[in-house]
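So the chains spell out like this:
There are 2 protein chains.
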Amino acid sequence: MRFLHTADWHIGKKLHGFDLAEDQQAAYEQIQAIALAEKVDAMIIAGDLYDRGIPNEKSVNQLDNMLIDLNLKQHLPVLAISGNHDSATRLRTGSPWFKATDYYLNTKLSQAFTPVEFDDTQVFLLPYFEPFEARRYFDDDSIKSAADAMQQIVAAMAAKFDPAKKHVLVAHFFAAGSEHVDSETQVMVGGLNAIPVTDLAPFDYVALGHLHGKDALHAERVRYSGSPLKFSVSEANQQKGVWIVDTDPFAVTFKPLTPIHDVRVLKGAFADLTAPEFYKEQAQDDYLAIRLTDKRVIPNVMQALRDVYPRIIELERTDGPVVSDTPTETVDPHLDPMELLDQFFEKQTETAMTEQQQKWAQAALTAANKED
Amino acid sequence: MRFLHTADWHIGKKLHGFDLAEDQQAAYEQIQAIALAEKVDAMIIAGDLYDRGIPNEKSVNQLDNMLIDLNLKQHLPVLAISGNHDSATRLRTGSPWFKATDYYLNTKLSQAFTPVEFDDTQVFLLPYFEPFEARRYFDDDSIKSAADAMQQIVAAMAAKFDPAKKHVLVAHFFAAGSEHVDSETQVMVGGLNAIPVTDLAPFDYVALGHLHGKDALHAERVRYSGSPLKFSVSEANQQKGVWIVDTDPFAVTFKPLTPIHDVRVLKGAFADLTAPEFYKEQAQDDYLAIRLTDKRVIPNVMQALRDVYPRIIELERTDGPVVSDTPTETVDPHLDPMELLDQFFEKQTETAMTEQQQKWAQAALTAANKED
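Quick mapping for you: the protein sequence lines, in order, are chains F and C.
Residues 1 to 372 (the UniProt record's numbering) make up the first sequence, in order.
Residues 1 to 372 (the UniProt record's numbering) make up the second sequence, in order.
Incorrect hints may have been included.
Ranges of calculated distance between the beta carbons of each label pair, as one might list FRET restraints [claimed, not checked]:
1) C:101 with F:69: 15 to 23 Å
2) F:298 with C:152: 34 to 42 Å
3) C:37 with F:14: 48 to 56 Å
4) F:99 with C:304: 54 to 62 Å
Computed list of lysine to any residue pairs in SDA-like fashion (alpha-carbon distance at most 20 Å, straight line) [stated by the list, open to error]:
5) F:359 with C:343
6) F:14 with C:360
7) C:108 with C:74
8) F:165 with F:2
9) F:359 with C:87
10) C:58 with C:87
11) F:99 with C:64
12) F:108 with C:68
13) F:160 with F:144
14) F:99 with C:74
15) C:359 with F:342
16) F:73 with C:64
Listed next, the stretches of chain F that the computed footprint assigns to chain C, with coverage defined by at least 3 CB atoms under 8 Å from CB atoms of chain C [stated by the list, open to error]:
17) 54–68
18) 84–93
19) 98–107
20) 357–367
If you are wondering where the hints come from, they were derived from the structure by calculation, not from laboratory data.
Note that beta-carbon positions come from the ideal geometry of N, C-alpha and C, so glycine has one too.
Using the sequences provided together with the hints, build the complete structure.
And the structure:
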């Protein structure tokens, strides 16, 4: 079989306050076009479809439409798992119905041991899991780490192997020996949670998600696809894309994606960066980490730079302190704490506080003020 | 055709702080059993499946399992709409796949004009909508109210009528002339948002959700099913249940539901209510609104009553002030405001604040404190 391997879409992610929805949509459209052009038998999405457990409505709508397009409109089989950024429970709504059109979305460890069968290949979909889930599933208290769990998981999968077929694992974890970058730092990496690549040897290919760089691991048959977009300045030098994988005979090809706004580091003196003869040659709309080489004080430096480069995500002095690493969120200092909390709550949850929640918050604020 | 008409499940609802999940599960099981015993052709759920737009994971899991049971295990067609308590966007995830097994879940006004066809009946599923959505859909600025919108909606549906069949509307709104009670007060009722029952005359039956009492409206062919459970003390005297409706020839039968914990008002003197010879005759586990007839001070009255009746939802003096109408939420006054906010955020959203959110909250609290 031939499949497209992608992961870490992180729908809903913001980059230093900038909404990435358009960028993600453009990346999606390229991925879809590659899948169709390459006539793949399936698209594999190895976890972190959403950026967070409770995505906002816009993000829900966006991901829903992508999957409707892939599976119901293009009739492309989709093989997906939940990642650590997804809420497995929220993501799985509807999934029992999806199988009828060859959309397999696994969110529970117990689902991982029934492979999706293709003519020449079995695909095992292992969602992100915590060691306690494996402890419970195998009823084995000796499982202390993800690596311990993985040994039993691989053995249980191998017991289901059809020797006439190739075997693919789709998973979302940190493989020992991988390199990682800033945008993944929320994640516990290394140590007990790392899975030794050698333990994955029974598989002909392991399609991983979790780390955002396609080169995080150096193993021919165990690969991260990386994210479709750069989600951090530390990824500025990565080439983003997807893998096209043939299982028999084995072959793997990288297909690059072109962002509508790149993430780049721009280094120079303020006067040079703001000179028309320089910036007119630049993709001014890119997400830019600016490194100023000046030592002098520059009044209103951020505003002056933003007039030229609207998507500045970092501003640093190469020879001095950080000026600002993120666009300022504006807070109206004239609001009372309750109103601030109200706004904050609404911003985060997209719903207004109920009367009971307001009472509770008011009680909390009153208690807090007493301590002052 | 024969169908079961229910609505307003409000999965995730709490009753004065008490989790109703078990009660809702028991009600669901009775509804399912009635549907099977009555051999209905479909179950109609007329909106407010969830209690809020962002239900917690436990609630998501609970409703998912109910619908999997009904539609995939029992092979029962399900016809549902979103209500004002549901997030239409969140609820519709997966819905394009559901149709394959005769589970129709409409969440957009535009879907309301394609009826679900049964041998002898057309069922139109109209989700909860706001007047602005109708204004946009019909491209008609003269639509100011839900009633204005409804006239055009009914006309557009009537244009799709198959004269050889009966016509059923499923909707979620306030029908003019209905009575309403406390647990629906978040909802705007009456006035411009009320739909005159006379405008619904083209339909052979209108299966409504929104109001929680089956007797809210006095019309033979326009009915609320009411909620499966009592969600407020003001509903204490209602009989909860579902309608079994035959469209041709028309017939309607009420099937009562029996709660595992009833909602009741219990009135009497403290000494009487706490006397074993009285309370041993009581269903002590019911949700109770206690009305004390005493005038004297009773030390630790709430705790003393709770020792006998663990699910007290209101405590009032018939002859004096309210003592307490809800169990107290405990707030640790030794936490600093940031920790309080942290706890509050986690309690409400089920996720910890990200680093960026914490920064933002800290800035907001600092700004707020400056104003003190």
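Evaluated hints:
no., hint, in the structure
1, C:101 with F:69: 15 to 23 Å, "21 Å, holds"
2, F:298 with C:152: 34 to 42 Å, "60 Å, violated"
3, C:37 with F:14: 48 to 56 Å, "52 Å, holds"
4, F:99 with C:304: 54 to 62 Å, "56 Å, holds"
5, F:359 with C:343, "15 Å, holds"
6, F:14 with C:360, "15 Å, holds"
7, C:108 with C:74, "27 Å, violated"
8, F:165 with F:2, "14 Å, holds"
9, F:359 with C:87, "24 Å, violated"
10, C:58 with C:87, "17 Å, holds"
11, F:99 with C:64, "16 Å, holds"
12, F:108 with C:68, "16 Å, holds"
13, F:160 with F:144, "25 Å, violated"
14, F:99 with C:74, "18 Å, holds"
15, C:359 with F:342, "17 Å, holds"
16, F:73 with C:64, "25 Å, violated"
17, 54–68, "holds (count 6)"
18, 84–93, "holds (count 5)"
19, 98–107, "holds (count 4)"
20, 357–367, "holds (count 7)"
When the structure is compared with the earlier hints, violations turn up for hints 2, 7, 9, 13, 16 and for no others.
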